[in-house]
Amino acid sequence: MYLVETGSEHKAGFIRKYVFSTDHKIVGLQYFFTAFAMAIFGGLLSILMRLQLGWPSRMWPMLETIFPVGMAGGVMSPEFYLALQTMHGTIMAIFVLTALFTGAFGNYLIPLQIGARDMAFPLLNMLSYWVYLLSCIVLVLAFFVEGGAPISGWTAYAPLSAIPESGPGQAMGQNLWLVAIALFTVSSMMGVLNYITTIVQARTKGMTMSRVPLNIWGMLSASIISIMVFPVLLGAGVLLLADRIGGTSFFVPAGLVMGDKLIPHSGGHPLLWQHLFWFFGHPEVYIVIVPAMGIAAEIIATFIRKPVFGYRIMAGCWIAVVALSMVVWGHHMFVSGMNPFLGGFFALATLLITVPSAILVLCWVVSLYGARIQFTTPMLFALGFVSIFVTGGLGGFFLGSAWTDIQLHDTYFVVGHFHLTMAMSPLFAAFAGVYYWFPRISGRMMNERLGRVHFWISIAGAYAIFLTMHVMGVGGMLRHSYDTTQYDFLKHLQPLNVFVSFAAFALAASQLIFILNFLVSLFRGPRAEANPWKANTLEWAAPAPIPHGNWGAVTPEVHRWPYDYMVPDGGEDFLPQNAPAAVLENKRF
Amino acid sequence: METLVHERSTPEVADAVDEVAQSPFTANTRKFGMWLFILSDALTFAALLGAYGFMRLTSPEWPEQSGVFDIRLITFMTFVLISSSASMAMAVFAAENGERKHTLGLLGATIIGGIVFLGCQAYEWAHFIGEGGTLFFNPWGVPQFSASFFLITGFHGFHVLSGVVLLAVVWVLSLLGRCSANGVELAGLYWHFVDVVWVFVFAFFYLL
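Protein sequence lines, in the order shown, are assigned to chains A and B.
Quick note on the numbering used here: the first sequence kicks off at 197 and runs consecutively.
Quick note on the numbering used here: the second sequence kicks off at -18 and runs consecutively.
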């Protein structure tokens, strides 16, 4: 196994090589393993929630030993359920998916795919990871302070989040949550500043912007969104912290009574928090999905073995998504009391952003048309990504339109929708990426058969859980309710809840297959060839194992775009970007 | 390999080591990074000023600023800060021409401008607090007025302070002959940004 080779001349010790390293590959792997650990943690939280929802108020004596307060007497308390929901959302949306795509995949792949030796600011890059790790630790600490984790949801809606008396986790827990978010913001800014600068400034000779791999376009677009919306979250966090500890009232209205106590604030607006939060929160889903699209497009382009359709169209669509992503946030607020006229604008903008999304899907489907597709594990996951993205996206029409959203708001329809579009489909793209780049990183192949089993159970599980949630949502299943059997009109939906819980357990268990495959292949997998998928992009042209600095004496020179497959000269069916121009005059660029 | 990686830590060398594709912007890497930082910082200010606008529009009343602040002092502060931007621009010009003495003098003038601005701000805060203004109360009306006063001018003042420290570092490095013209220019970019933000704060918070 080699995860990274630092070169024989490199005399640095273990700590400098693998822990405090400025090498973008090490930083990328650090991001990957940290995000992966957080994903397991966040996943376990959702398992606990499914236990409660499937069998409300049932005794789980064993769990009492792990959570003596939240599961006192073996029964989950409502506050603990809300804390689980808050932490699951925060961890998965921000600390897993955001970190996994731009942090892990971005770090590892950007310099390699554009032929650079490292990020533009390697030290800043290393700091970005360490601040991220710190933010993870601070967030998880919230479980262990007095009162436990916050219960105000991953959106931290004010005034619930602004007033420490509003719940058990709202004092210290919410403070830690805010600090963790602020740290993550700083880490993310250091990261994306690097990614954008590297892509714009450090491309190797011949690597024009119209020749960079699709993955790079995805990373660039997501980084541009990040650098514009994370600062706004930081600003909102400063205001919320001032409300919480400085006694100001930016978000707290007058006359609020909590626990028989009149709250002394006046004049604030809870809507202001929602505007500021969603100005970040909605683009955030594009920060996750756009790099996922880039990875999927990259993998699809390799395994169709013919030139991908619509390279420029896709790049243009991502740029359009960047612009539109910042004017649609109000569709989260249709029932918040916002001016209905504004609602109309946001509904229109939301329907507008489905246009580039639909064109992207069209590009992938047209690329598949007439292709001799190689159904490898990464390709299966990439296709799974497209499938789930389309299915989940269809629900977006109903939620993006104010008139249907008013009916569906705060039901499981919303939960099912955003889990398909921004949780499951990016996760599938991430798995596709891991299976695809594993040989490049480790020098070994992952097991294909286990990969297929993992794929089919995962996709069946994802649909079973989240399509069922759509149905429950139409039936009125309440999103934040801890025990829906309390409501007569929801009792008949309980069998569906049990079904979803079982499907969730199956989905979680199937991930063990992946972990097993990953670990065994890391040590025992068959040796990989230098370019096992016969891909054209530059990362496969780097020496194996890849040294610190990535390339030999000079960086590679690029002569064409990355998708010259099915080359009509009778030899190999692919032509790497750095192959000398004399081999074949490129017709496309 | 080690040497190559090390050489890349200075961008001037980096560009010479490997032939890289032409950047669509003619900025060097560090300058480009600084522009991105400024973009993100500008959006943090935009969030604060946007929140301020939202609060002011939804508030039934808002204190008359001229009754609270001495607008002549604020105008003087603004004048000093904008003048320091001018001396900063001249310092960058001098640094590019290799005139170290001029650079040091002009940088010093810029630093003094920043300190005078901070002094005025400290005086203004002391005056405001002396009149009974706190984060959550003020004698002139809605508490959101003083909350946004402290947060917005405080956040901006923190930026000016950081700028003064940054310029002081550049001044010392220039004195030792260890600062490139590019370094002076980067510090200048940040300084101009801080000034431009103040123009918005001045207009939206004190004048309108």
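These are calculated hints, taken from the structure and not from any lab test.
If you're wondering where the values come from, they're calculated on a predicted model, not measured in any experiment.
No residue lacks a Cβ here, since even glycine has one placed at the ideal position from N, Cα and C.
The reader is advised that the hints may include incorrect statements.
Covered stretches of chain B, going by a simulated chain A footprint (3 or more residues, C-beta under 8 Å) [as the list claims (entries may be wrong)]:
(1) 11 to 22
(2) 125 to 132
(3) 159 to 167
Each hint, compared with the structure:
{"no.": "1", "hint": "11 to 22", "in the structure": "holds (count 7)"}
{"no.": "2", "hint": "125 to 132", "in the structure": "holds (count 3)"}
{"no.": "3", "hint": "159 to 167", "in the structure": "violated (count 0)"}
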